[in-house]
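Novice: Produce the complete structure using the sequences and hints provided.
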Amino acid sequence: QVQLVESGGGLVQAGGSLRLSCAASGRTFSTDAMAWFRQAPGKERVLVGRINWSGSSTYVADSVKERFAISRDNAKNTVYLQMNSLKTEDTAVYYCAVYKGMGQYDYWGPGTQVTVSS
Numbered sequence: 066q067v068q069l070v071e072s073g074g075g076l077v078q079a080g081g082s083l084r085l086s087c088a089a090s091g092r093t094f095s096t097d098a099m100a101w102f103r104q105a106p107g108k109e110r111v112l113v114g115r116i117n118w119s120g121s122s123t124y125v126a127d128s129v130k131e132r133f134a135i136s137r138d139n140a141k142n143t144v145y146l147q148m149n150s151l152k153t154e155d156t157a158v159y160y161c162a163v164y165k166g167m168g169q170y171d172y173w174g175p176g177t178q179v180t181v182s183s
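All letters in the sequence shown, in the order written, are residues 66 to 183 by my numbering.
Calculated directly from the structure, the hints in this document are not laboratory data.
Watch out, some of these pointers could steer you wrong.
As the list claims (entries may be wrong) - Quick list of in silico lysine-lysine cross-link-like pairs, DSSO-like style, CA-CA up to 30 Å:
1) Lys141 - Lys165
2) Lys130 - Lys108
3) Lys130 - Lys152
4) Lys108 - Lys165
5) Lys108 - Lys152
6) Lys141 - Lys130
7) Lys165 - Lys130
To be verified - Cβ-Cβ distance ranges computed for the label pairs, FRET-style:
8) Ser150 - Gly91: 32 to 40 Å
9) Asn117 - Ala88: 34 to 42 Å
10) Arg84 - Ser119: 16 to 24 Å
11) Arg132 - Ser72: 30 to 38 Å
12) Glu131 - Leu76: 21 to 29 Å
13) Trp173 - Ala126: 16 to 24 Å
14) Lys141 - Ser183: 30 to 38 Å
15) Gln66 - Ser150: 33 to 41 Å
16) Ser182 - Asn117: 29 to 37 Å
17) Trp118 - Gln66: 19 to 27 Å
18) Gly80 - Asp171: 30 to 38 Å
19) Thr153 - Ser121: 17 to 25 Å
20) Ser182 - Ser90: 13 to 21 Å
From a predicted model like this one, the values you see are computed outputs, not experimental measurements.
C-beta: ideal position from N, C-alpha, C; glycine also.
Specialist: Structure follows, in structure tokens:
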């Protein structure tokens, strides 16, 4: 069974850092582009960023690109989201997914909660 599982969320004070992990199981994702999304309370799920299969190319949303970075370790079948200088508005459930291209995503994980306190 193919699964993505996010971890690393939690409660952090504004200005702090967290590193989220997205571990894949069931098959290798080393040839897939991957993505991170987030969904704040009462809001739609939005794309945070994507990384290509090798990790040589990333896209991070303008709203967070000065503070967030995406990386991956294909040997561990894991993708990471490093979040620095966290703000209260970063509070959300963070999800990872496989990017299939053409704006399509698959194999969503259950998400991990990130709460940033002031």
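Novice: Hints first: check each against the structure and report whether it holds.
Specialist: These are the hints, each one checked on the structure:
{"no.": "1", "hint": "Lys141 - Lys165", "in the structure": "holds, 20 Å"}
{"no.": "2", "hint": "Lys130 - Lys108", "in the structure": "holds, 20 Å"}
{"no.": "3", "hint": "Lys130 - Lys152", "in the structure": "holds, 13 Å"}
{"no.": "4", "hint": "Lys108 - Lys165", "in the structure": "holds, 24 Å"}
{"no.": "5", "hint": "Lys108 - Lys152", "in the structure": "holds, 17 Å"}
{"no.": "6", "hint": "Lys141 - Lys130", "in the structure": "holds, 25 Å"}
{"no.": "7", "hint": "Lys165 - Lys130", "in the structure": "holds, 22 Å"}
{"no.": "8", "hint": "Ser150 - Gly91: 32 to 40 Å", "in the structure": "holds, 35 Å"}
{"no.": "9", "hint": "Asn117 - Ala88: 34 to 42 Å", "in the structure": "violated, 19 Å"}
{"no.": "10", "hint": "Arg84 - Ser119: 16 to 24 Å", "in the structure": "holds, 20 Å"}
{"no.": "11", "hint": "Arg132 - Ser72: 30 to 38 Å", "in the structure": "violated, 20 Å"}
{"no.": "12", "hint": "Glu131 - Leu76: 21 to 29 Å", "in the structure": "holds, 23 Å"}
{"no.": "13", "hint": "Trp173 - Ala126: 16 to 24 Å", "in the structure": "holds, 18 Å"}
{"no.": "14", "hint": "Lys141 - Ser183: 30 to 38 Å", "in the structure": "holds, 34 Å"}
{"no.": "15", "hint": "Gln66 - Ser150: 33 to 41 Å", "in the structure": "holds, 37 Å"}
{"no.": "16", "hint": "Ser182 - Asn117: 29 to 37 Å", "in the structure": "holds, 34 Å"}
{"no.": "17", "hint": "Trp118 - Gln66: 19 to 27 Å", "in the structure": "holds, 22 Å"}
{"no.": "18", "hint": "Gly80 - Asp171: 30 to 38 Å", "in the structure": "holds, 35 Å"}
{"no.": "19", "hint": "Thr153 - Ser121: 17 to 25 Å", "in the structure": "violated, 33 Å"}
{"no.": "20", "hint": "Ser182 - Ser90: 13 to 21 Å", "in the structure": "violated, 32 Å"}
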